[in-house]
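On the provided structure of chain S, position chain X as indicated by the hints.
Chains as they are written, first to last, in this note's numbering: chain S, 1 to 535; chain X, 1 to 535.
Rather than coming from a laboratory, the hints here were simulated on the basis of the structure.
Just so you know, not all the hints are guaranteed correct.
It does not matter which identical chain is used: a pair holds within one copy or between any two.
As the list claims (entries may be wrong) - Listed below are the simulated DSBU-like cross-link pairs for lysine-lysine, each with C-alpha atoms no more than 30 Å apart in a straight line:
no.	residue 1	residue 2
1	K499	K59
2	K506	K281
3	K271	K506
4	K31	K252
5	K226	K250
6	K454	K339
7	K339	K506
8	K21	K534
9	K316	K339
10	K506	K519
Please read all numbers here as calculations on a predicted model, not as lab measurements.
Number of protein chains: 2
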Amino acid sequence: MKVAFAQINPIVGDLIGNTKKILDIITLNSKNCDIIIFPEMVLTGYPAQDLLLEAQFIKFAQNQLNEIADSVKYCIVILGTIRYQDNMLFNTAAVIENRQIIRYVDKVFLPTYDIFDEDRYFHSAIQIEPVNIEINGEKINIGVHICEDLWDSKYDINVLQNLVEKGANLFINLSASPFSLNRLEDRIEIVKTKVNQYKKPFIYCNLVGGQDELVFDGQSFGINSKGDLIHVCASFKESFEIIDLKNENKAKLISMPENEQLFSAISLGLKDYFYKTGHQKAVLGLSGGIDSALTCAIAVKSLGSKNVHGFALPSKFSSKHSINDAEKLAKNFGINFSKISINNIHSQFLDSLSNDIDVRTSSVAMENLQARIRGNMLMTISNQINALLLNTSNKTEIALGYSTLYGDMCGAIGVISDLNKSQVYSLSKWINNHFGEELIPVNSITKQPSAELKPNQTDPFNYDEISPMVESVIIENKHLHQLVKQGYDKDDVLDVLRKIRLSEFKRKQAPIGIRVSLKSFGSGRRYPIINQFKG
Amino acid sequence: MKVAFAQINPIVGDLIGNTKKILDIITLNSKNCDIIIFPEMVLTGYPAQDLLLEAQFIKFAQNQLNEIADSVKYCIVILGTIRYQDNMLFNTAAVIENRQIIRYVDKVFLPTYDIFDEDRYFHSAIQIEPVNIEINGEKINIGVHICEDLWDSKYDINVLQNLVEKGANLFINLSASPFSLNRLEDRIEIVKTKVNQYKKPFIYCNLVGGQDELVFDGQSFGINSKGDLIHVCASFKESFEIIDLKNENKAKLISMPENEQLFSAISLGLKDYFYKTGHQKAVLGLSGGIDSALTCAIAVKSLGSKNVHGFALPSKFSSKHSINDAEKLAKNFGINFSKISINNIHSQFLDSLSNDIDVRTSSVAMENLQARIRGNMLMTISNQINALLLNTSNKTEIALGYSTLYGDMCGAIGVISDLNKSQVYSLSKWINNHFGEELIPVNSITKQPSAELKPNQTDPFNYDEISPMVESVIIENKHLHQLVKQGYDKDDVLDVLRKIRLSEFKRKQAPIGIRVSLKSFGSGRRYPIINQFKG
Chain S
1 MKVAFAQINP
11 IVGDLIGNTK
21 KILDIITLNS
31 KNCDIIIFPE
41 MVLTGYPAQD
51 LLLEAQFIKF
61 AQNQLNEIAD
71 SVKYCIVILG
81 TIRYQDNMLF
91 NTAAVIENRQ
101 IIRYVDKVFL
111 PTYDIFDEDR
121 YFHSAIQIEP
131 VNIEINGEKI
141 NIGVHICEDL
151 WDSKYDINVL
161 QNLVEKGANL
171 FINLSASPFS
181 LNRLEDRIEI
191 VKTKVNQYKK
201 PFIYCNLVGG
211 QDELVFDGQS
221 FGINSKGDLI
231 HVCASFKESF
241 EIIDLKNENK
251 AKLISMPENE
261 QLFSAISLGL
271 KDYFYKTGHQ
281 KAVLGLSGGI
291 DSALTCAIAV
301 KSLGSKNVHG
311 FALPSKFSSK
321 HSINDAEKLA
331 KNFGINFSKI
341 SINNIHSQFL
351 DSLSNDIDVR
361 TSSVAMENLQ
371 ARIRGNMLMT
381 ISNQINALLL
391 NTSNKTEIAL
401 GYSTLYGDMC
411 GAIGVISDLN
421 KSQVYSLSKW
431 INNHFGEELI
441 PVNSITKQPS
451 AELKPNQTDP
461 FNYDEISPMV
471 ESVIIENKHL
481 HQLVKQGYDK
491 DDVLDVLRKI
501 RLSEFKRKQA
511 PIGIRVSLKS
521 FGSGRRYPII
531 NQFKG
Chain X
1 MKVAFAQINP
11 IVGDLIGNTK
21 KILDIITLNS
31 KNCDIIIFPE
41 MVLTGYPAQD
51 LLLEAQFIKF
61 AQNQLNEIAD
71 SVKYCIVILG
81 TIRYQDNMLF
91 NTAAVIENRQ
101 IIRYVDKVFL
111 PTYDIFDEDR
121 YFHSAIQIEP
131 VNIEINGEKI
141 NIGVHICEDL
151 WDSKYDINVL
161 QNLVEKGANL
171 FINLSASPFS
181 LNRLEDRIEI
191 VKTKVNQYKK
201 PFIYCNLVGG
211 QDELVFDGQS
221 FGINSKGDLI
231 HVCASFKESF
241 EIIDLKNENK
251 AKLISMPENE
261 QLFSAISLGL
271 KDYFYKTGHQ
281 KAVLGLSGGI
291 DSALTCAIAV
301 KSLGSKNVHG
311 FALPSKFSSK
321 HSINDAEKLA
331 KNFGINFSKI
341 SINNIHSQFL
351 DSLSNDIDVR
361 TSSVAMENLQ
371 ARIRGNMLMT
381 ISNQINALLL
391 NTSNKTEIAL
401 GYSTLYGDMC
411 GAIGVISDLN
421 KSQVYSLSKW
431 INNHFGEELI
441 PVNSITKQPS
451 AELKPNQTDP
461 FNYDEISPMV
471 ESVIIENKHL
481 HQLVKQGYDK
491 DDVLDVLRKI
501 RLSEFKRKQA
511 PIGIRVSLKS
521 FGSGRRYPII
531 NQFKG
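Next comes chain S alone, as it looks inside the complex (with noise of 0.2 Å):
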């Protein structure tokens, strides 16, 4: 029996073009296998948020289904899509055969946490049943079901006994699982899990692609009735696979390093950010520091080389050594690569507001003023030569709030902001390495990190220390106490946490990032700004 995983990359609410997609591999390929199976919510792309609150989108994400339903001939298509009946929307699979939607199978978990909003949108299935068929006149019991169906430990139903007690003999799940470190061996342990305890094969079908700050990696995969691993597909790109689960062979995992996964998560995020949403050219600002380097790096293996410009914008408190490593790093990745002084402006800025403002005395104020003329001046030229400008903002310095709101913190999309800072030395000495050139200069790595915003700053951190304890807080939801108990001082602590809380506000306004852990600020992390909660 051939089933065919098609991984591939829909666009949120580009009904027309991913049904096109959809059908392109239905007629390529339905008469070489028995079951295609396309991600969950592939129609309509996932997440569509608010756009399922519409009625129109509900109407017309129906007809295209319907159109795909009518071109299914030779073999059975699994396809994940909305459906909407007795004034409740469903997240649901539809099962094709034929030319009918023989089934839908609706969505039993609707995922409320983190970056999931599913209760805000969908009804939970009525009913849990298996989809009978018949292949080569041979009857198959699919215990078809979705995403979160499996990961059922923390619901009080059980999805997969259900599935079984009803005489399923096959699972197949279709799921819109985004990516974070390590996220595979997680589904294949719960997989091989589920297999182990009913001993009945198993096919998983990610989506894949990015979408806004989401990534999905894809990496779908099949596991036989034994527990061994028989098929993985590729990672981070669009594939179809069939596989024969008459006459499988073992398939061996072979573990990505935590950089490489990083890379290439990233690198979809940013490639479909722009993809998606039109644009080819990226600009940003070169500090000759670590972040903009790695941002550099990412964006040229994403959107090429001459699609890239990068801009040095040095003041009078920018160091020799800060133009000559944002000059290099321009040569070594081939980018386009322009210098402009902000002095002239900046002095400007402080005459233009002298009668009313202290402009004398060094203060947050006046180092915020320069980062905010390196803002407009990286926005104009992106406004004008129709470019995306890259945010260049780390983890750690977005939770602690050292960044300037509108200044550093400009941009469309933050590339690097859910990496903290030991994660982009770690990727870019991985770059250097992998690509095996020093492509990033050793010396952005080496050196001091520093804002140079005013004579001889350097960053008040030491990031060894902090960039996990701020990991700590944010991912692991860990306090004072526990925190202390670790070994961290009291003081710092506390100094950690006001820090968080109080640059809240700060990241309501920030770009979204490309979400490489299990939580990124953006939508997985609602806090209030209001907040006088101390601990």
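Frame of chain S, contents of chain X only:
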């Protein structure tokens, strides 16, 4: 039987401060009444968002509740908070008598739409049961329930029916119901329907105060078993009011005019944002136009004229009347005012950028540049004098993306961001009328709106037509066919839909804005940036 509305204004997260506020009321009044009712989640503040995922927060709240309970000696206290049991978090009402928490009544319906995310945090009540108490020898069965549990039409359980069947003879509803235009009438109407059905008196106690984008309007009320309104508490402010259910009087609902509602709601939202984040001073740019004039008026009435700093920032494209109108406005309101030309800075930017981009031809980039210079100046001043910048964008232009990111979109909070352009005019006229003076210069109201970013520019919209069309799209989710049927030109509608869709990236980085409609931009409207649904 004396029942008290403790309609108070807590601060989200401020468990210590909120406890003190609650204790002060109990200490002062518990001898004068039989029951004191506090609103939903008054102890934690509402919405507490992801604070509800912190173990430390939940534990702290429980401790504070115990402290409060310990002080209750002379009357019964019913108070909204949270409670954690068996790995489930509940939105609950604690009923306290004689230093004991005698019952928790958990919320059944967890709103998860618009701005609400309660399924993200809470578990639904496991049982529905009235609370038996005795007051002056009389046994009373109170149907305590929380906010949404009253609005049961879209759910498949009927909470009030359940309570009545189990003997409830008095309803008490604890709410955190955010303001939107004429919301009070909706609340009274549904309560009257329920009272007419069950013939039981009804006490509705609502939260008051501003929390980020939300405003809670208070206006708690009571209705007797015949369906007569017997009391309405103060609107838009804290209030402690006692009614005697054995000796009640009819009350008359004096409907507040819409403009007064809007003015009151926004003023409270703005005042609380400043107070609760620890700020006094506000900065804003005064263009001479209607949006900044109205924002200034509201700021003065909320924060006091001495705390408001207005800046006219003319360029070479600014008309004389712009500066005059701004100056006049500032004088009328008695605020701090200064005029700073952006011309020199603007020229310096053009000069510095001229090697890299075309700065001579008129373009969107060149227009945005000016708005961003102003944004930078206002932010520098704000940072330097420790003030918050007020954002002056209206809902219509935010919808259409007729604004500059990091330019006129700067600010800590959008004051009029949920007022469409028609409402902006209407409220401005109301202010002049209400305060009996031409506070807002008539010229700002009557002149043609213009961004003045190039010669002879005026806003490219017929606001009389486009402002209600945009509202229909945003609030009612109307689509192309419906709007065309209503008489709008198809191309106009398509253009508006396109503009709304393509400007999502700007709104993702917009400041929060005070919500006064049923659907504002902000957390209640969640659209993807990558969105190719063209209707």
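Contradicted hints - numbers only: No numbers; nothing is violated.
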